[in-house]
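Listed here are the chains, written in short residue letters.
Protein chains: 2
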Amino acid sequence: MSIEIVFLGTSAGLPTEERNVSSVIVRRESEIFMFDVGEGTQKQLIKANIGIKQKLTIFISHLHGDHIFGLLGLIQSYNLIGRKIPLEIFGPKDLKKFIYENMKILNINLTYPLIIRNSKQGIITEGKNYTIKAIESDHRIESYSYCIEEKLRPGKFNPEKANKLEIPIKFWKTLKSGFPVTINKKNIDASLIVSPPRKGRKIVYSGDTKPTERMMTFAKNADILIHEATYDEKMRARADKYFHSTARQAAEIAKKANVQLLVLTHMSPRYKDPSILYKEAYEIFKNVMIAEDLLKINVNLSKD
Amino acid sequence: MSIEIVFLGTSAGLPTEERNVSSVIVRRESEIFMFDVGEGTQKQLIKANIGIKQKLTIFISHLHGDHIFGLLGLIQSYNLIGRKIPLEIFGPKDLKKFIYENMKILNINLTYPLIIRNSKQGIITEGKNYTIKAIESDHRIESYSYCIEEKLRPGKFNPEKANKLEIPIKFWKTLKSGFPVTINKKNIDASLIVSPPRKGRKIVYSGDTKPTERMMTFAKNADILIHEATYDEKMRARADKYFHSTARQAAEIAKKANVQLLVLTHMSPRYKDPSILYKEAYEIFKNVMIAEDLLKINVNLSKD
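Just so you know, the sequences run in chain order H and U. Per our numbering, numbering of the first sequence is gapless, rising by one per residue and ending at 1227. Per our numbering, numbering of the second sequence is gapless, rising by one per residue and ending at 1227.
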């Protein structure tokens, strides 16, 4: 099944007429993973026609307004529609304080369990077929980059080989799962008919950050690297001062990490036309694109 | 000069594809008065092409999320663009706590003075030519309705009468200001040539509220009454339970208050087509309209 990435907000700091502030979601099977929740995210969800009733896990990169000011509205809207299933949110240490203090001041009582967890480097949560990892990014305050990576999938079963070896169909399922079978006292190893386990998909979200060595390892061989590109090269000193990346720096990381596709986001509102960012990144790394609000990207499973 | 009213958000509780949550502004000369700041208000300002650098005063009706979750983003955005002139915000007692606690948790230092004041019944602020008044509305928690009312304007000068009475032009200015003049030892009272002082414009914003007697007095003879109309008559019990008004109740108030124009806003998201609300209000009061996001209404000075 396809994984769908939907960009809900792609502007840094301030919204523009075309771009909302940061938020991007990854839809995988019946689950939604949301990375950052800038102001207006719930409205963007409506525009993208994404229901908010399904299982949702939120990952906050850091506690700057343009990454979190949509969170209180989302929490409250879930309340208004009478959500029952839990909502889990990961983020920096002070996220709990931000949410709980506001709930206290505004006297918000939830209809559903809200679970807030501290992010840390390493695996922070996992599902049946995926893990979510975090690393610290480099952005003045406590901040994280996140990665969703699918677990290894079973190798591909080769029915022709199975027929050639005259393996009865009733044994196929066992072999498909990677286990050996015994037929007429002869052991048949799965590897004879099934290719080696296949890599799942890997999607990385940088949040706000200076370029780091850590990110190159973290994003290694990712299918998609969603990386901030707040500035162009002329603004490099400013990028450095405010702990952001230029488009070129993001491209250098993508190249060294050998990712399939680099998607630049979190562009400063000064770039009404972001082609300078595209150009500077493209010089370093060809598989690059600039995110737009409501852009959808499908990440398919490799066939082999 | 015309006063311009711009509706930035007209939906109750949750945003919809067409409607943002509550906010409406009144532009008068070089000042902006903003009533409530729902999530996404700064984006709506951009869409309405309204600069946010001019003098702005904000009035919060009550501390429910759909009326205030755009406030932190607006405060922070002013910071990012380096605002220097003060921002004044009026609202219920806990508004200070809401803003200051968030600034503390998120470590926000402002580039401009932020003045937060408690609303109370009566005149809460005034400018050279207007006053802003508040009354308590009836909505479970501390909450206010607001009124902006221009001070009396000098009466209309009648040049034909002045000529008939052979009053030299040099005396006209004094008479226009309402003062008497003495010509050939004869006192000429201004009222002979100048009509009585004229009423300024009056605009009332209800915020969320049950219909109240207080509002009828407060909105008396207003040019525009912006009143919430969360529900239709079939939902009257629900309106009552949650301290809201039906469209018909809003119309009854408009009629008794003898307003020029009633504008209904804060419609429940269940009304994709709000014509039932229009119909029920129209049966009671003909001069009614339903607000839409980005609707602009000009309120002109009367000519007489």
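It is possible that some hints are incorrect.
When chains are identical, the list treats them as one kind, so a pair holds in a single copy or across two.
Cut-off 30 Å, straight-line C-alpha distance, at most; resulting in silico cross-link-like pairs (DSBU-like, lysine-lysine) [what the hints assert, rightly or not]:
| hint | residue 1 | residue 2 |
| --- | --- | --- |
| 1 | 1099 | 970 |
| 2 | 1195 | 970 |
| 3 | 1109 | 1195 |
| 4 | 976 | 1164 |
Everything labelled a hint here was simulated from the structure, so no lab data went into it.
So, going through the hints one by one against the coordinates:
| no. | hint | result |
| --- | --- | --- |
| 1 | 1099 x 970 | neither (42 Å within a copy, 56 Å between copies) |
| 2 | 1195 x 970 | both (22 Å within a copy, 15 Å between copies) |
| 3 | 1109 x 1195 | neither (68 Å within a copy, 69 Å between copies) |
| 4 | 976 x 1164 | between (40 Å within a copy, 26 Å between copies) |
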